[in-house]
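2 protein chains.
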Amino acid sequence: MIRNIFIIFFVAISISCVAQNSQKEDSTVLKKIYNASLLKGKSYEWLDYLSNQIGGRLSGSINAQKAVEWAEKELKKLELDRVKLQSVMVPKWTRGVTEFAYIETEPGNTTNVPICALGGSVPTPIGGIKAPVIEVKSLDELKDIEADKIKGKIIFYNRPMQADLINTFEAYGGCVDQRYSGAAEAAKYGAVGVIVRSMNLRLDDLPHTGAMSYGNLKDKDKIPAAAISTNGADLLSSMLTLNPDIKFHINMNCRTWKDVKSYNVIGEIKGSTYPNEYMIVGGHLDSWDLGDGAHDDGAGVVQSMEVLRLFKEIGYKPKRSIRVVLFMNEENGLRGGKKYAKVAREKGENHIFALESDAGGFTPRGFSFDCSDANFNQVQSWKTLFEPYLIHQFIKGGSGADISPLKKNNIVLAGLRPDSQRYFVHHHAKNDTFDAINKRELELGAATMASLVYLFDKYGVK
Amino acid sequence: MIRNIFIIFFVAISISCVAQNSQKEDSTVLKKIYNASLLKGKSYEWLDYLSNQIGGRLSGSINAQKAVEWAEKELKKLELDRVKLQSVMVPKWTRGVTEFAYIETEPGNTTNVPICALGGSVPTPIGGIKAPVIEVKSLDELKDIEADKIKGKIIFYNRPMQADLINTFEAYGGCVDQRYSGAAEAAKYGAVGVIVRSMNLRLDDLPHTGAMSYGNLKDKDKIPAAAISTNGADLLSSMLTLNPDIKFHINMNCRTWKDVKSYNVIGEIKGSTYPNEYMIVGGHLDSWDLGDGAHDDGAGVVQSMEVLRLFKEIGYKPKRSIRVVLFMNEENGLRGGKKYAKVAREKGENHIFALESDAGGFTPRGFSFDCSDANFNQVQSWKTLFEPYLIHQFIKGGSGADISPLKKNNIVLAGLRPDSQRYFVHHHAKNDTFDAINKRELELGAATMASLVYLFDKYGVK
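So the protein sequences, as listed, match chains L and U.
Oh and the first sequence: position 124 is 124 in full-length UniProt numbering, straight run, nothing missing.
Oh and the second sequence: position 231 is 231 in full-length UniProt numbering, straight run, nothing missing.
One should not assume that every hint holds.
Copies of the same chain look alike in the list, so a pair counts if it fits in one copy or across any two.
Unchecked claim - Straight-line distance between alpha carbons at most 25 Å, and here's what the computed SDA-like set of lysine to any residue pairs gives: (1) 383 <-> 394; (2) 396 <-> 384; (3) 31 <-> 368; (4) 383 <-> 368; (5) 40 <-> 435; (6) 31 <-> 397; (7) 312 <-> 165; (8) 220 <-> 108; (9) 24 <-> 393; (10) 84 <-> 350; (11) 317 <-> 352; (12) 137 <-> 39; (13) 312 <-> 271; (14) 40 <-> 173; (15) 31 <-> 395; (16) 84 <-> 246; (17) 31 <-> 165; (18) 66 <-> 343; (19) 32 <-> 170; (20) 430 <-> 48; (21) 137 <-> 234; (22) 42 <-> 165; (23) 42 <-> 423; (24) 42 <-> 234; (25) 84 <-> 125; (26) 383 <-> 397; (27) 396 <-> 382; (28) 40 <-> 202; (29) 396 <-> 385.
If you're looking for bench data, these hints aren't it; they were derived computationally from the structure.
Given the sequences, and given the hints that come with them, work out the whole structure.
The structure is reproduced here in structure tokens:
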């Protein structure tokens, strides 16, 4: 009995020592990663180039192609084991000459308001459209209005983002149906156009674009759809209260072209022990056209590139194969994400982990995970390692649009969760620009991602 | 025996139910507080006025007086039980005409660099000073140089903030001795002036001012001291490497005047049950003169005012007396903080809790506490209440300069801890302005403070 107790005691001590040493080693590696990112990081310099020298890069544009070539060139400089382009056909939509809109209280008496076409919208006829306006707060509210009252009108969706939600992405989720499906719904009842309050928690003069869908409407039934700035929306709403007969004029010149060829950009470090287990880290290379896409998703692109560079920088050789994937066409089609997953399935590549950064380059707070309980428990056990970096949020939830097509059993999908308070000030608008990026916040995000990849590389998935 | 077990069981259940109900009630109150701040907050509007209509408000300036009058007026509108001014004599230092400096490689060949006088510095003689430069990285390094080499020279302190520290205040703490004591030390060895690398983690062209002290130097021995922008510091350092004989010219026109009368502004809600137990919440009303002091510490001022307004807004009547104290002269003297504590002691007022916000209006992350273990344990037990608001940092540490003179046994001193990554981009520089404030971040900070005050009001201190 006493012998048995000794053995149990000895084994317990041994396990405890191994665990402690392992914890110490991990904490040393994390410190190296953070130091390398904060002291010798490349992410900020890369983002400066991508934002200021290339700029907005909507799928199918010359800038998107420039971004592909730039990313390929930069990844090649890192001396990875492989850098390749993966071709994918993408939609091409152009804004055309700058849109404009005004409110007309009586002929000749007009007030300009800032608008922008939603991505994928049809144009107005030449000379624009002018029609009375019906304001609603939701798609449901529209259904309660008699169809003949809607006919010939412009529908104005004006439900604001809910300011009392702490996670601004939740507030976005609660509003974005107006933008995405508003035109398809309104067209069914004979509306001639749609304007949507910008998805922005701040009152300002910038319209925010974004994807929309006409569902299965025929081409002839499609109606133009635009976003209006939050100040513009409040003004229009007030004016409608004073005089329901005011008219709204919209002029848009946007156009959808034939699909064109573009690329996902992929870089790889081959795993030393399990080369056939793939871990990917990514963001999307395309952006909307109004700003330079620094936060959405230039930040995610350069942070993902930085993960592989940081491993090189600190001399860490991963056991599993690690890929950076810079996806094309997240904003208006997700073609890059779908293509990557399709090819991975066809090749029978065993993807065990995917991490996306697509929520802005702000101070990182944690991750959300789409994975099994066993893997989530494993993540929880790493929490203390992240404490010195003030990374505290490890929750279950969505990961990222581009990596979502990889979903299957036994894969861990994760999304970086930066502080969300400022994100929708910039999202899809003219002010999503490099000057809104803080170098340290961006670098902390890259290091936080690299740390999680390191831990999954070391311990694998359950 | 069975009867005893029943009793124990019953008591345990009762205690558990009470705790649960209490937890539920607290979580409801916190939600009310956050909603009121985010949906009907006044802090942003107040800060807009303080920053843009009043502006930089250094102690003893007309703007500082305007700020006192504005704060008193706004607090009176809140219908508190008492609003009063507490007079205090403060130092008055003025910058005079804008400073300038240049590097001279040979007579007539000069390069301008951005500088600003440190607060409290003596001026240069009319026409400025021009002298060769010795670069050092620390006060200690200065001691290793022979005194006759220092005589007649300008000492250039160029130790940068350490970028790998996650908490930027720690990096600030590791550098600020150069600014505070650099001139006093250099003067001892016969230096004629001092320039100090700005306390800024970013490379840019803005010099950051801040307090300095001549220690016990006689007036005739005091030498002028200026901050140089980080880019300017790097340029000067490079030029010194190329040519150690270059000269540096500084021209400053600053001046210290006689002390003048100013005020702390105090508002109070009288406690319903324990009116003689005081809890205070505050920030400092004065700011440096270069920017408009929106982050330092306009944010703390309006958040503290908002705490009392939020209680009124949600109809919460505190059991203990709660005061907002807007301190004068934190930046260059702490006279307001010292005066408040002195009067409190003289009157025998029992202060049990004090909370300061003086680390910028960024996303709140938690609090640091200077208190007993018993009280710190109580705070830890409230952690889950703050989780929905992503408030996760409850650590021991410093509180705030203004409230530190209140330190005694059985008082809880606390400081709001916002995200620190962007703070030193703005701190004491021209770009500490209202446009760098995010409305939601400011409001979350106010609600977080009000929540902590509510909990201490309800449960008291140990």
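To see whether the hints hold, each was checked on the structure:
| no. | hint | result |
| --- | --- | --- |
| 1 | 383 <-> 394 | both (8 Å within a copy, 16 Å between copies) |
| 2 | 396 <-> 384 | both (18 Å within a copy, 18 Å between copies) |
| 3 | 31 <-> 368 | both (22 Å within a copy, 23 Å between copies) |
| 4 | 383 <-> 368 | both (13 Å within a copy, 21 Å between copies) |
| 5 | 40 <-> 435 | within (20 Å within a copy, 30 Å between copies) |
| 6 | 31 <-> 397 | between (27 Å within a copy, 23 Å between copies) |
| 7 | 312 <-> 165 | between (40 Å within a copy, 22 Å between copies) |
| 8 | 220 <-> 108 | neither (31 Å within a copy, 74 Å between copies) |
| 9 | 24 <-> 393 | both (22 Å within a copy, 23 Å between copies) |
| 10 | 84 <-> 350 | within (19 Å within a copy, 70 Å between copies) |
| 11 | 317 <-> 352 | within (18 Å within a copy, 55 Å between copies) |
| 12 | 137 <-> 39 | between (49 Å within a copy, 18 Å between copies) |
| 13 | 312 <-> 271 | within (13 Å within a copy, 61 Å between copies) |
| 14 | 40 <-> 173 | between (37 Å within a copy, 22 Å between copies) |
| 15 | 31 <-> 395 | both (23 Å within a copy, 21 Å between copies) |
| 16 | 84 <-> 246 | neither (55 Å within a copy, 52 Å between copies) |
| 17 | 31 <-> 165 | between (34 Å within a copy, 10 Å between copies) |
| 18 | 66 <-> 343 | within (24 Å within a copy, 67 Å between copies) |
| 19 | 32 <-> 170 | between (34 Å within a copy, 19 Å between copies) |
| 20 | 430 <-> 48 | both (16 Å within a copy, 24 Å between copies) |
| 21 | 137 <-> 234 | within (13 Å within a copy, 55 Å between copies) |
| 22 | 42 <-> 165 | between (34 Å within a copy, 18 Å between copies) |
| 23 | 42 <-> 423 | both (23 Å within a copy, 22 Å between copies) |
| 24 | 42 <-> 234 | between (42 Å within a copy, 20 Å between copies) |
| 25 | 84 <-> 125 | neither (43 Å within a copy, 65 Å between copies) |
| 26 | 383 <-> 397 | both (17 Å within a copy, 22 Å between copies) |
| 27 | 396 <-> 382 | both (15 Å within a copy, 23 Å between copies) |
| 28 | 40 <-> 202 | between (35 Å within a copy, 14 Å between copies) |
| 29 | 396 <-> 385 | both (19 Å within a copy, 20 Å between copies) |
Violation of the numbered hints given earlier is confined to hints 8, 16 and 25; the remaining hints are satisfied by the structure.
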